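Protein sequences, first through last, are from chains Y and A.
If you want this note's numbering, it's the 1-based position in the first sequence plus 41.
If you want this note's numbering, it's the 1-based position in the second sequence plus 41.
For the record, the hints were derived by calculation from the structure and aren't laboratory data.
It is possible that some hints are incorrect.
Because identical chains cannot be distinguished in the list, a pair is counted as satisfied if it fits within a single copy or across any two copies.
27 Å max Cα-Cα, derived DSSO-like pairs, lysine-lysine [unchecked claim]:
| hint | residue 1 | residue 2 |
| --- | --- | --- |
| 1 | 368 | 340 |
| 2 | 160 | 317 |
| 3 | 354 | 364 |
| 4 | 57 | 239 |
| 5 | 164 | 154 |
| 6 | 364 | 349 |
On a predicted model such as this, the values are computed, not experimentally measured, just so you know.
Number of protein chains: 2
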Amino acid sequence: MNDKKTILTGDRPTGKLHLGHYIGSLENRVKMQHECNQFIMIADMQALTDNAENPQKVRDNILELGLDYLSIGLDPKINTIFIQSSVPELSDLTMFYLNLVTVARLQRNPTVKTEIAQKGFEKSLPAGFLIYPVSQAADITAFKAQLVPVGEDQLPMIEQTNEVVRRFNHTYNSNVLVECEAVRSSVGRLIGTDGKSKMSKSLNNTIYLSDSSEEVKKKVMSMMTDPNHLRVEDPGKVEGNPVFEYLTAFDKDKEGLGDLKTRYQKGGVGDVEVKKRLIEVLEEFLTPIRERRAEFEKKPEEVMNILKEGGQKARLVAQQTLKDVRKAMNINYFND
Amino acid sequence: MNDKKTILTGDRPTGKLHLGHYIGSLENRVKMQHECNQFIMIADMQALTDNAENPQKVRDNILELGLDYLSIGLDPKINTIFIQSSVPELSDLTMFYLNLVTVARLQRNPTVKTEIAQKGFEKSLPAGFLIYPVSQAADITAFKAQLVPVGEDQLPMIEQTNEVVRRFNHTYNSNVLVECEAVRSSVGRLIGTDGKSKMSKSLNNTIYLSDSSEEVKKKVMSMMTDPNHLRVEDPGKVEGNPVFEYLTAFDKDKEGLGDLKTRYQKGGVGDVEVKKRLIEVLEEFLTPIRERRAEFEKKPEEVMNILKEGGQKARLVAQQTLKDVRKAMNINYFND
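Based on the sequences and whatever the hints tell you, model everything.
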């Protein structure tokens with residue numbers, strides 16, 4: 042291809058993207074699209090591992106994710122945006138890798154262990170869920186991705202992938218598979234509007250990229266601030282105050298923000314003033330995103346077509362990897 | 042297609058086929074090829090689940106199996122003879138089904154439990170091996186097989202497959218997948234030449250379909266008989282006597298065999314006489330098989346081409362099933 046490094050990133054199609062996703066990873070994708078070969082995968086197969094009873098949710102959110110990606114300015118001409126199940130080679134690779142990973146090792150994977158506990162699977166753990174780290178190893182290696190942006194909690198998945206890579210290359214005396222590197226997002230996660238924890242659909246403390254002006258206004262006006270900042274004249278805290286955290290993340294007028302913080306800490310600035318500023322800032326950020334979204338919402342077939350073409354592009358790469366893998370194993374029976 | 046029932050059968054490419062395979066299943070395949078749509082699968086993906094370190098063994102035995110099949114008279118025009126990994130749709134189906142089966146259920150599968158113990162896997166159990174019953178469910182359902190010939194020890198696999206079928210059809214409110222029925226071989230398994238247990242490569246008590254006249258002669262002459270039949274004039278036992286068991290399985294002259302048995306039981310027939318008769322019978326059985334094998338051994342590319350074309354035929358069927366499965370789950374995003 043070229044000298045650019047290859048990134049694999051993506052999302053499970055189980056919900057719309059919110060400001061937390063933007064700060065945690067989407068912003069970085071928009072930047073990296075010019076610097077890297079970026080594969081952006083809508084991980085429907087992975088989403089099905091714990092949504093097998095509800096594929097409709099997965100289906101519906103594929104278009105939503107496509108709209109989110111395009112509306113934040115990810116360019117399908119320079120990125121490969123695709124649906125995981127459009128690349129059946131990933132399933133074949135998973136099957137080959139599964140023979141190189143023990144059940145005990147999967148059961149020890151810290152990310153999977155935590156998620157099993159969170160989801161209350163225990164006795165009813167679907168086999169597909171236990172093995173999804175191997176499927177992820179297939180995703181990463183299929184595109185020979187060198188960089189994989191992850192949160193702290195996903196680091197064990199990268200370790201698991203690199204174990205598969207080393208085991209494969211060692212077993213088949215090859216150098217077909219490429220180890221990858223975790224890229225940690227420099228910005229922390231965005232706190233929820235309730236100030237209690239990270240933004241999460243299930244906690245109902247999110248602002249979506251697709252929220253209307255009305256919704257954003259309503260959500261910001263009911264946000265938590267400093268609980269001890271009761272009267273306008275009281276000094277207020279800026280750290281841990283969600284409204285200021287959002288301003289820090291999104292306000293481009295750093296000088297004005299610094300001034301606002303100083304005045305708030307001193308006392309004499311009401312929460313309403315700060316919230317109004319946040320609404321202004323978010324409107325400025327969201328307006329072009331909404332406009333692009335509105336355009337694409339008029340032509341969902343075009344969005345799906347972008348995903349389809351992305352799948353075809355992704356397949357060509359994965360097909361080559363599968364070919365290399367079978368050759369390394371010497372099971373390319375028909376030399377094709 | 043037609044009104045014929047569909048059978049899925051096959052072998053793991055881990056060794057050449059022997060007389061035990063013939064009596065246990067190959068004979069039946071030769072008969073059924075005229076009565077059913079028969080899919081005969083060389084299960085390389087399954088063989089790799091416990092041979093990941095040695096894919097060369099799997100590779101080498103693919104041609105051997107192909108030669109064995111053709112030499113016993115399985116006709117590639119009326120059967121679909123193919124290599125499992127030529128049908129990548131099987132991997133996709135496996136991935137979908139894995140979400141419908143719990144890890145606990147797989148760990149309870151009696152066949153898998155026994156095999157894990159036999160192979161001494163325990164802590165080092167490859168994930169691919171644990172889940173192979175699900176991959177088998179994919180094989181069976183991909184071709185909508187109604188009949189699956191199995192030995193006693195494989196009955197739990199059929200149960201597991203039918204559980205997947207019911208779970209899938211129930212979850213996605215469909216009737217896409219078809220339950221299958223185990224067909225038990227009417228003839229028991231053939232005892233080994235050592236008289237101790239069933240014929241098995243690892244016990245070195247086999248006569249291969251591809252053995253030469255010399256080899257067959259040598260193996261028969263050193264076969265176990267009735268250990269108490271020491272002198273020619275002693276009465277001998279016919280039951281549990283491997284030489285007579287083989288004669289019962291292969292001698293077409295039932296009257297002559299009945300007579301020989303009576304004389305042996307009475308006393309006055311030496312083991313050498315019985316063994317010579319068995320050599321005669323096996324030569325008659327193996328000669329046409331050897332002749333066909335010799336022909337095909339001259340053109341291994343033709344054999345591989347038969348397997349390749351079989352794979353293409355098999356894929357067409359599996360592709361339709363995968364399409365139906367995705368439609369039932371409503372994840373056929375591109376309506377294709």
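Q: May I ask which of the numbered hints given earlier this structure violates, with the numbers listed in increasing order?
A: 2
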